[in-house]
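A.B. asks: Take a look at the letters that make up each chain.
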Amino acid sequence: MISNTSHAQTLRASAGEPEKAESASSTSPSEIALTNVSKTFALGKGQTLDAVSNVDLNIAGGEFIALIGASGCGKSTLLRMIAGLEDPSQGSITIAGQSPEDCIKRHKLGIAMQEHGLMPWLSAWNNVAMPFRLAGLPIDKKRVDELLALVELADFAQAMPKQLSGGMKQRVSIARALVLKPDVLILDEPFGALDAVTRRLMNNELQRIWSQQPTTTILVTHSVEEAVFLADRICLMSPRPGRLELIEEVELNRPRGLDTMHEPEFRQILAKLTTALDDVCTQGSRQ
Amino acid sequence: MTVAADLLKWLVGISTLMVFWEIAGRQAWLGDGLPPLSGVFDYANEPRSTELLLRSAGITATNASYGFVIGSLIGTLIACSGQIWRPLKQGLDTLSTFVNAIPLIALGPLMIVTVGEQFTPMATAALAVFFAVLVATLGGFERVPNVHRDVTRAYGTTHWRALLLVQFPNALPSLIDGLKLGVSTAVLGAILGEWFGAPAGLGVLIVSSMQNFQINLLWSAAIIGTVMSGAAYFLLALLQARLLRRLGL
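Protein sequence lines, in the order shown, are assigned to chains A and B.
So the first sequence is numbered by my numbering: it starts at 126 and just counts up by one.
So the second sequence is numbered by my numbering: it starts at 69 and just counts up by one.
Just so you know, the hints here were simulated from the structure itself, not pulled from any lab data.
Don't take every hint at face value.
[Claimed, not checked] The following label-pair restraints were derived from C-beta to C-beta distances: (1) A:Phe166 / B:Pro171: 41 to 47 angstroms; (2) B:Asn168 / A:Asp403: 55 to 61 angstroms; (3) B:Phe166 / A:Asp280: 17 to 23 angstroms; (4) A:Ala274 / B:Ile170: 56 to 62 angstroms; (5) B:Thr165 / A:Gly169: 22 to 28 angstroms; (6) B:Phe302 / A:Gly169: 44 to 50 angstroms.
Ideal placement from N, C-alpha and C gives every residue a C-beta, glycine not left out.
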């Protein structure tokens, strides 16, 4: 039941988003192509686990993709392969025609996970500046200040992580992910550990940040609502081994705000995907 | 606050032990081998004994300090080198287990021959510290959170930068635990090294007092050695508490 829809480039060519329309062109340096990607883990004693199976997907430059699916369906594994943190057992992944490792070497990848991963011994400012140090680049102080301002934490620049709330830590983590102006932004359940209210606010925040700094983004989430709110396209994965079961375009205008969640189109896509997710999970549990 | 509470517990424990010791000594429960504590103190307070004990303690402290610094540095550097050069990492666990399995007492005579009587106490102290620090630091590197590893890899970081910026700060609490453990073993290692024929030190005093049945001198030397270990441990615990608070770990 794969309904692979046409490209999402046209979606974002709306007035008011000239930067994004430009970044989504076919010459974008951040176009991602997954060809027949599979991942099998060796469990020892000759046993193996098929985590991801035969995934084909093309992601346009500047596109926001959400991966949803049941727990353990391989969406995080797929994300880690795109990020170059795992190697596919089969198939290939290219980012602008090069391997994810090349993307890493060029420092063109930004990453934020469910665990914020801030260094507890560094202030918020120094955490945001960390990618410069890790990449061996001179620290662009203006850029760090700019990112802290973007995530509205300029007043907390010198605060230590333990002095920040969960939501603030995640905002620092997102600022850190964006500081090197990545071509690809990898988000693995970045708000998964937050309470429902903070999560909604953070989604709104991420949407705002993303609109200001359009970047090819791949988000893994358990929340269908979050996926519909943020993404241009949503990929629903089947239970293990993870395959692309459904690809849904989200034709909601941008910029989106908290009001967007009350629009009929939003509720409609949400209902459709929730039902599809339930179906997929039920089928998986019956197998 | 925790350090102060720990100190209080120590004091209560030591006071209780001292009271029992005094009673056991006075009642001669263990015969001549355990004189009353007050008798040991009286002996140590005599000017000649005090001078001898302090001079010996100073020598042992010097040996232990050099051994501690050398052993800690070598332990830390070898553990770090395993992070830079991955193939070495697998061998390090085996090496550390092997080194620990060698009885120090068996190495003593060998060291007398190789490094000489004067440096044997430092070498035995260093060897004892080396193991504690190596194992603790390797353990610290193992406990670097996965998310920190992912972030480090995602920016194409070199092994050196990863070590300095992420792994070493993460391993620091474990490393300090190793230093705390190592500082006591450094004193023991130095005393043991002095046993094998060093010119002076608490170890030498212990051997000669054993041979001459000078029980009060033997216990005085043993108590001073214990106090030195305890004080060094306490100082490191204090340093650890401050450092970790400062680093937010």
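A.B. asks: Hint by hint, note whether the structure agrees.
C.D. replies: Cross-check of the supplied hints:
1. A:Phe166 / B:Pro171: 41 to 47 angstroms: holds, 44 angstroms
2. B:Asn168 / A:Asp403: 55 to 61 angstroms: holds, 56 angstroms
3. B:Phe166 / A:Asp280: 17 to 23 angstroms: Roughly 54 angstroms apart at Cβ, these two residues miss the hinted range, so it is violated.
4. A:Ala274 / B:Ile170: 56 to 62 angstroms: With a Cβ separation near 59 angstroms, alanine 274 of chain A and isoleucine 170 of chain B satisfy 56 to 62 angstroms, so the hint holds.
5. B:Thr165 / A:Gly169: 22 to 28 angstroms: Holds, since threonine 165 of chain B and glycine 169 of chain A (Cβ atoms, about 23 angstroms apart) stay within the stated range.
6. B:Phe302 / A:Gly169: 44 to 50 angstroms: holds, 46 angstroms
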